[in-house]
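Assemble the complex: chain A is given as a structure, and chain B must be docked to it using the hints.
Read top to bottom, the protein sequences are chains A and B.
For what it's worth, the numbering used here labels the leading residue of the first sequence as 793, then goes sequentially.
For what it's worth, the numbering used here labels the leading residue of the second sequence as 793, then goes sequentially.
Keep in mind the hints are simulated off the structure, nothing from the lab.
Some hints could be false.
Copies of the same chain are indistinguishable here, so a pair counts whether it falls within one copy or spans any two.
What the hints assert, rightly or not - Simulated crosslink set (SDA-like; lysine to any residue; CA at most 20 angstroms straight-line): (1) Lys849 - Leu995; (2) Lys943 - Leu821; (3) Lys969 - Pro1048; (4) Lys819 - Arg1041; (5) Lys850 - Pro809; (6) Lys856 - Glu879; (7) Lys969 - Gly1047; (8) Lys849 - Val1045; (9) Lys849 - Asp990; (10) Lys856 - Pro929; (11) Lys850 - Ser830; (12) Lys1010 - Ala808; (13) Lys856 - Gly1047; (14) Lys850 - Tyr996; (15) Lys969 - Gly1042; (16) Lys849 - Tyr1034; (17) Lys853 - Pro809; (18) Lys943 - Arg1041; (19) Lys847 - Leu995; (20) Lys1010 - Ile968; (21) Lys849 - Phe985; (22) Lys850 - Asn823.
2 protein chains.
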Amino acid sequence: MRDMNVVLSNDDGIYAPGIRAFYNAIKDLANVQIVAPSEEQSAVGHAITLFDPIKTKKAYKNGKLLGTAVSGTPADCVKLAICELCETPPDLVLSGINLGANTGISVLYSGTVSAATEATILGIPSIAVSLCTFTDPLWDTAETIARNVFKYALESKMPSDALLNVNIPNLPLEEIKGTQIVPVARSRFNEIFHKRTDPRGNLYYWLDGELEILEDRKETDAHALNEGYVTITPISFDLTNYAAMDKMRGWNVTGP
Amino acid sequence: MRDMNVVLSNDDGIYAPGIRAFYNAIKDLANVQIVAPSEEQSAVGHAITLFDPIKTKKAYKNGKLLGTAVSGTPADCVKLAICELCETPPDLVLSGINLGANTGISVLYSGTVSAATEATILGIPSIAVSLCTFTDPLWDTAETIARNVFKYALESKMPSDALLNVNIPNLPLEEIKGTQIVPVARSRFNEIFHKRTDPRGNLYYWLDGELEILEDRKETDAHALNEGYVTITPISFDLTNYAAMDKMRGWNVTGP
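Next comes chain A alone, as it looks inside the complex (with noise of 0.2 angstroms):
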């Protein structure tokens, strides 16, 4: 068991307490690389760093090294250790633990889950582990669950092409109801965008909103989350639409 290579990542930072706790779950049954970015990233999609360096440096933290800090996005992060700094390729990648759910549509604009999207894509199984909380996590419940989900990719129960998105609610472990294996809940955000003048004048807007839930299944990730269950969702990244591309047979686009 000693012998998996995993590679750790998050979107929070190198810094953050729910990448330590992730470590802490698993640190005894796998070789752990902590590979993060250097400052928080939330809400950076799929985004990579191409334009731009990206620098690497160690992090520490009360004189103990953490790993490497990364000046770029989770993507980058995950892109980096893969190619560049694994001497060779992990088994596994790990994104989290996360500080907020990631249901729903925010499942697209997840850096967490952008990290782990961005090992399957290089064919590297990977889990993206998420706490629905902002205030007072418990990390013991959060380290438990990370631990068990872990376990069963030591046993080699990883899908092969799609990672797993893991929702954790903020409740002590006896009252979790259970796991389940959901779709993600069609939805979309109700944007409000504050609008403020500048000290000089200038206009400018500030995004916030809320998650609306836009349907009738009762069995999604935001639904069971909600209700106290633990959820797994295999998230794909074909994002080809076939039942809209049997409708579309037919059309030609190429006549003057």
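Coordinates of chain B only, in the frame set by chain A:
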């Protein structure tokens, strides 16, 4: 027809020739409002700006008003246009014309596609258009194709749950072989990190790489574009991998 209200954005920035070409292609068919990044935003994926203000200003070229320049990502532009800048929600959002193909896994990193994705999430049909070249773009070809695609939207033929991702070969119109409705090619980037040292002796990396196609299917966006067809791919944003879900029934990760 004149009553159709369209928002036009891109990721190459409001001063890019491609957005001007798209505008020229459709300006007599719709009311077009341009809301685009003030600077190039390639490879930003589906990033949104949460932790900084978003500034807007009127953009002019040769004394003529182009539209609204936004200090944010393509997804920011579309959110802001739909939720704040447009008096009534637009009927359609267009993105492009991008320089460089957006096929295969590039779709996931593409700011051009993310602008269209954002619109579709917010319930507005959308079309992303890219021209497969970085040099000597044949804008006449691209404008004709973009206009023809747009006419399908005018005739209310857009799918309701997918955005359209259109790629155009950089060929004279008469050399284009036709239109293909095709899936996204399974692919990855073969990453190369150029490793360098800055003038102060610090290590940095610069990302480079080439798209590698990973599949046997001949009818994909990357193949068809390469063979000289215009490709149209409906893109979904339900990322759930339903097939993998079925294989994971019975997982339980909430034990102690």
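Status of each hint after checking the structure:
no. : hint             : verdict
1   : Lys849 - Leu995  : between (38 angstroms within a copy, 8 angstroms between copies)
2   : Lys943 - Leu821  : within (9 angstroms within a copy, 58 angstroms between copies)
3   : Lys969 - Pro1048 : between (61 angstroms within a copy, 13 angstroms between copies)
4   : Lys819 - Arg1041 : neither (52 angstroms within a copy, 27 angstroms between copies)
5   : Lys850 - Pro809  : within (17 angstroms within a copy, 43 angstroms between copies)
6   : Lys856 - Glu879  : neither (22 angstroms within a copy, 55 angstroms between copies)
7   : Lys969 - Gly1047 : between (59 angstroms within a copy, 10 angstroms between copies)
8   : Lys849 - Val1045 : neither (51 angstroms within a copy, 35 angstroms between copies)
9   : Lys849 - Asp990  : between (36 angstroms within a copy, 13 angstroms between copies)
10  : Lys856 - Pro929  : neither (24 angstroms within a copy, 53 angstroms between copies)
11  : Lys850 - Ser830  : within (10 angstroms within a copy, 35 angstroms between copies)
12  : Lys1010 - Ala808 : neither (33 angstroms within a copy, 45 angstroms between copies)
13  : Lys856 - Gly1047 : neither (65 angstroms within a copy, 32 angstroms between copies)
14  : Lys850 - Tyr996  : between (37 angstroms within a copy, 13 angstroms between copies)
15  : Lys969 - Gly1042 : between (50 angstroms within a copy, 14 angstroms between copies)
16  : Lys849 - Tyr1034 : neither (44 angstroms within a copy, 40 angstroms between copies)
17  : Lys853 - Pro809  : within (12 angstroms within a copy, 49 angstroms between copies)
18  : Lys943 - Arg1041 : between (45 angstroms within a copy, 16 angstroms between copies)
19  : Lys847 - Leu995  : between (34 angstroms within a copy, 7 angstroms between copies)
20  : Lys1010 - Ile968 : within (18 angstroms within a copy, 47 angstroms between copies)
21  : Lys849 - Phe985  : between (37 angstroms within a copy, 16 angstroms between copies)
22  : Lys850 - Asn823  : within (18 angstroms within a copy, 53 angstroms between copies)
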